[in-house]
Amino acid sequence: TQLLEQSPQFLSIQEGENLTVYCNSSSVFSSLQWYRQEPGEGPVLLVTVVTGGEVKKLKRLTFQFGDARKDSSLHITAAQPGDTGLYLCAGVWGSGYALNFGKGTSLLVTP
Amino acid sequence: EAQVTQNPRYLITVTGKKLTVTCSQNMNHEYMSWYRQDPGLGLRQIYYSMNVEVTDKGDVPEGYKVSRKEKRNFPLILESPSPNQTSLYFCASSQTDRGLYEQYFGPGTRLTVT
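From first to last, the protein sequence lines stand for chains A and B.
First residue of the first sequence? That's 1 in our numbering, and the numbers climb one at a time after it.
First residue of the second sequence? That's 1 in our numbering, and the numbers climb one at a time after it.
The reader is advised that the hints may include incorrect statements.
[What the hints assert, rightly or not] Capping the alpha-carbon separation at 30 Å, the derived lysine-lysine pairs in DSS-like fashion look like this:
(1) A:Lys56 - A:Lys70
(2) B:Lys65 - A:Lys103
(3) A:Lys70 - B:Lys57
[To be verified] If we take Cβ atoms under 10 Å as the criterion, some of the chain A residues that face chain B in the derived model are:
(4) Gln6
(5) Ser30
(6) Gly40
(7) Pro43
(8) Leu45
(9) Thr48
(10) Val50
(11) Leu88
(12) Val92
(13) Gly102
(14) Lys103
[As the list claims (entries may be wrong)] Per label pair, the in silico range of CB-to-CB distance:
(15) B:Thr15 - A:Glu17: 39 to 49 Å
(16) B:Gly40 - A:Leu58: 42 to 52 Å
(17) B:Asn73 - A:Glu17: 37 to 47 Å
(18) B:Asn51 - A:Glu5: 25 to 35 Å
(19) A:Arg60 - B:Thr15: 43 to 53 Å
(20) B:Val52 - A:Arg60: 34 to 44 Å
Worth flagging that the hints you see were computed from the coordinates, not collected in a lab.
Ideal Cβ positions, reconstructed from N, Cα and C, are used throughout, including at glycine.
Using the sequences and the hints, build the whole thing.
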């Protein structure tokens, strides 16, 4: 099992603030995915990054893949209560078939 | 509608009583997988299947069995459940042609073993 670390573990902010969460590994990913999970539901895919240095934007969410493909970040601009949830990163290494998940960042955005 | 379905959604059972959680997907995906999610431990893969009749162990396979006799179905079997298998279980599926394994998750099954 490849170790995938996410930080921070918990984050509580007020509506309108910006935030960044991180996903790190000592190994090189072939691809990395970000999911969001709301209470009582299954995770939902937000984005997949494949190329080192890649930046993808999804409305107020910006995803960045590190140049060395060992780390990734998720930046949320002007957070809203609807952004509340558990953010999970998941990596695929080499030609493996299994997806390894980080433990997640639990985000609470209060009005 | 493209979806992954799981049944039952909630299950309370007793130690040692065999149970099966069903999983079905309608997206013609080759890859299917089972995860369990526990507080502080995150999502951990139990078993996965690359295609019909092809299954392999994930990180925490002990106490579980799976089978893949049809492409759309991937049931999870607990032959003799124990309290440490109390957890939230998710089934997921994905395509494999791009090598990305982007997972579509089911709604989850909350299992309690007393």
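Which of the listed hints are broken here? 16
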